[in-house]
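Use these hints to put chain B onto chain A, whose structure you have.
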Amino acid sequence: MRFVDEFRDADKAHALAAKIAELCEPGRQYKLMEVCGGHTHTIYKHGLEDYLPESITLVHGPGCPVCVIPMGRVDDAISLASEPGTIMTSFGDMMRVPGSKGSFFDAKAAGTDIRMVYSPLDSLKIARQNPDQRVVFMAIGFETTTPSTAMTVLRAAAEGLQNFSVFCNHVTIIPAIKAILDSPDLRLDGFIGPGHVSTVIGCRPYEFIARDYGKPVVVAGFEPLDILQSIYMLMVQLSEGRSEVENQYTRVVPWDGNLAALRAINQVMELRPYFEWRGLGFISHSAMRMRAEYAAFDAELLFEVPGVRVADPKACQCGEVLKGVLKPWECKVFGTACTPETPIGTCMVSPEGACAAYYNFGRLHRRRVVEVSIQ
Amino acid sequence: MTDGATWVDEALREHEQRERQERQAGPAASRQAATGPEREQQVLDRIDRARRRRPKIREERITMSHGSGGKATRTLVEAVFVDAFSNVLLEPLEDAAQLHLNGSRVALTTDSYVVSPLFFPGGDIGDLAVNGTVNDLAVSGATPLYLSAGFILEEGFAVADLTRIVASMKTAAETAGVQVVTGDTKVVQRGKADGCYINTAGIGVVEHDVSLGVANAQPGDAIIVSGPIGEHGVTIMLARGELDIEADIASDTAPLNGLIADLLSATTGVRALRDATRGGVATILNEVASSAGVGVQVNEDAIPVSAVVRGASELLGIDPMYVACEGRLVAVVAPEEASRALAAMRAHPLGTAAAVIGEVTAEPPGIVLLKTAFGGTRIVDLLVGDPLPRIC
Chain A
1 MRFVDEFRDA
11 DKAHALAAKI
21 AELCEPGRQY
31 KLMEVCGGHT
41 HTIYKHGLED
51 YLPESITLVH
61 GPGCPVCVIP
71 MGRVDDAISL
81 ASEPGTIMTS
91 FGDMMRVPGS
101 KGSFFDAKAA
111 GTDIRMVYSP
121 LDSLKIARQN
131 PDQRVVFMAI
141 GFETTTPSTA
151 MTVLRAAAEG
161 LQNFSVFCNH
171 VTIIPAIKAI
181 LDSPDLRLDG
191 FIGPGHVSTV
201 IGCRPYEFIA
211 RDYGKPVVVA
221 GFEPLDILQS
231 IYMLMVQLSE
241 GRSEVENQYT
251 RVVPWDGNLA
261 ALRAINQVME
271 LRPYFEWRGL
281 GFISHSAMRM
291 RAEYAAFDAE
301 LLFEVPGVRV
311 ADPKACQCGE
321 VLKGVLKPWE
331 CKVFGTACTP
341 ETPIGTCMVS
351 PEGACAAYYN
361 FGRLHRRRVV
371 EVSIQ
Chain B
1 MTDGATWVDE
11 ALREHEQRER
21 QERQAGPAAS
31 RQAATGPERE
41 QQVLDRIDRA
51 RRRRPKIREE
61 RITMSHGSGG
71 KATRTLVEAV
81 FVDAFSNVLL
91 EPLEDAAQLH
101 LNGSRVALTT
111 DSYVVSPLFF
121 PGGDIGDLAV
131 NGTVNDLAVS
141 GATPLYLSAG
151 FILEEGFAVA
161 DLTRIVASMK
171 TAAETAGVQV
181 VTGDTKVVQR
191 GKADGCYINT
201 AGIGVVEHDV
211 SLGVANAQPG
221 DAIIVSGPIG
231 EHGVTIMLAR
241 GELDIEADIA
251 SDTAPLNGLI
261 ADLLSATTGV
271 RALRDATRGG
281 VATILNEVAS
291 SAGVGVQVNE
301 DAIPVSAVVR
311 GASELLGIDP
321 MYVACEGRLV
331 AVVAPEEASR
341 ALAAMRAHPL
351 GTAAAVIGEV
361 TAEPPGIVLL
371 KTAFGGTRIV
381 DLLVGDPLPR
391 IC
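Chains A and B, in that order, give the protein sequences. With my numbering applied, the first sequence covers 1 to 375. With my numbering applied, the second sequence covers 1 to 392.
This is chain A alone, in the form it adopts within the complex (with noise of 0.2 Å):
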């Protein structure tokens, strides 16, 4: 299949997989990071690490959209959904998150009206179709998605809805990645950069990484073949000392971004003093809140939310998992009381998470993968 294909060559990864090996200096270890959930579920569903040697490491790191919401904010939207007359939607991967009451699903099966949508868009024609309820899209994800809710927000200010709102839960990726740099637990050597992210903002954002903390960055594509070719480019950067910002996803990602992605955001909210982010606790002007321009649409302004802060469940190491500190088999709970079925953390839920991600795809040695494998 076109478009598909030719980014899975096993061929070519094999090329790509004996130039990295060569690139690595003999007793040395390399920690690279992939900062998106993306490319974690990337990784494991086409069995990717088969094609590294034992001396890089890839860390998953934060960039999982629904690993990073708080407890408290899942609270807040089944409290916001249960009010009579609402209907609440949300992405499909924000079903199963844990809430300190249960997920969107268990809310659902006990009679709150809340639906999967695949685009804000979707929620507009909800908000049509039902004029005598109140309709609120729980926005979540990081500048990949954002653009889609300021232009959906636009749109319903152009059409005068009036029972359309956003319960806003947008984060921004730089934030973090810089609470990873500033982080002691964590020696990385690399970052592999996030590609959709990226093509909102650019590449020049991560200028600061390379620059004041000396670590190579590569804006990076999504299919095997991408990740594969970014690490070479990695791995070429630190065996000739270089730390620079390369961008090898550029059928997508523009150096400079996307600018009219960027207004529409602008126009619409503005950076919040802080967040919690679940797990990294809270972060200073790592969010997007609605502009008061806007307030006939926010939802944290229209409505009673309760706000309050719940702490995660002292077991669940989501946090050190999402900083990269630790392997999803390293939490304490990981896959006994922890699971797909039953997820205690956030990791655990979305696909791209990385205890889900290692879960359903990793969850045998790599050894052993080698001694069993039919050939």
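Among the hints, erroneous ones may be present.
[What the hints assert, rightly or not] Pulled from the structure, derived: some chain B residues nowhere near chain A, Cβ distances all over 10 Å: (1) Thr-75; (2) Glu-155; (3) Leu-370.
[To be verified] Reference listing, derived: stretches of chain A covered by chain B, where coverage requires no fewer than 3 residues with Cβ under 8 Å from a Cβ of chain B: (4) 10-16; (5) 175-188; (6) 292-299; (7) 332-343; (8) 355-362.
Honestly, the hints are just simulated from the structure, not real lab data. Because the structure is a prediction, the values reported are computed rather than measured. From the three backbone atoms N, C-alpha and C, an ideal C-beta is built for every residue, glycine too.
Leaving out everything else, chain B in the frame of chain A:
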């Protein structure tokens, strides 16, 4: 409101208890004792033990996941139904029960149909209601003979639609060579059902001297699928109209009894047959691995998937291996008979694209491994619920 916190507390309490027990059992079993790969292996072993424990329903209410055919469904079936009805005929959890009545072997099965939309490219709920039950009988090695049909209709449902559905059932029954010989009709108030639900039950006679079951799979056996996978599921997703994707695709709904009769006449090497409905081919492979205590290894390159299904799955971020079919089967066949079985399937119009997709292995027991087209290896697990589209 469901009190989600209760089960979390309970799960953590159980976890701590087990950890204490393991510590008492000796330092070797403790998580902290080893480092690196050994420790990872210990964690994986512990997960393996956790997965073997008796399933328990933690939710207080039924959620949509319980109907998806994945892990949540299995947990519900094992923890509620098998537990209550426990008997040797039920426990194999095959598609049909095998009964011995006055010296004849009879297969009995039932299935309910709640598809939305009721009409879709390639068929409607009526076709499904006949073909689904015919196929559940056929994969157990039986010749399907008689069906029952129960209708639950919603007040206000168009009689013209009902007539159309029943006409489809008539045609499907004629094609499959079965008769609908008993039935039931109920009407519920508007809003209490989604137009029309159908339940069918079926019986058939097992004439071939075969005993089919996924527990029979042995290392070396070939895994064969009868054609391109996922076409019914993708058709339904697109027919719901929520995705704004238009594609030239139709449901694969079809009666498989003809194909299976040809297959069983051609070879005695067939050990198990399953029709790949809810949960798709991936779920069946997992049933083979866990019931027979064997490994299953499949090649992504060998799995027949049409370009439309692949394209739609890529767009939506779902895996065709989990998407439902309504006229495809998975066969586990002894290695020496594999080519004969494949030839018999390919000779039938519903099996022209049949393909060997992998084999049964001794190791690792209970696990399905996929050799990806990219050249890596990964696990194919059961899904918890329906595949959910990813955000970005």
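Hints and how they fare:
1. Thr-75: At about 7 Å from chain A, B:Thr-75 fails to clear the 10 Å cut-off, so the statement is violated.
2. Glu-155: holds (22 Å)
3. Leu-370: violated (8 Å)
4. 10-16: Three-residue rule met by the segment 10-16 of chain A, so holds; n is 3.
5. 175-188: Result for this restraint: violated, n = 0.
6. 292-299: Three-residue rule not met by the segment 292-299 of chain A, so violated; n is 0.
7. 332-343: holds (count 11)
8. 355-362: holds (count 4)
Violated hints, in rising order: 1, 3, 5, 6; the structure is consistent with all others.
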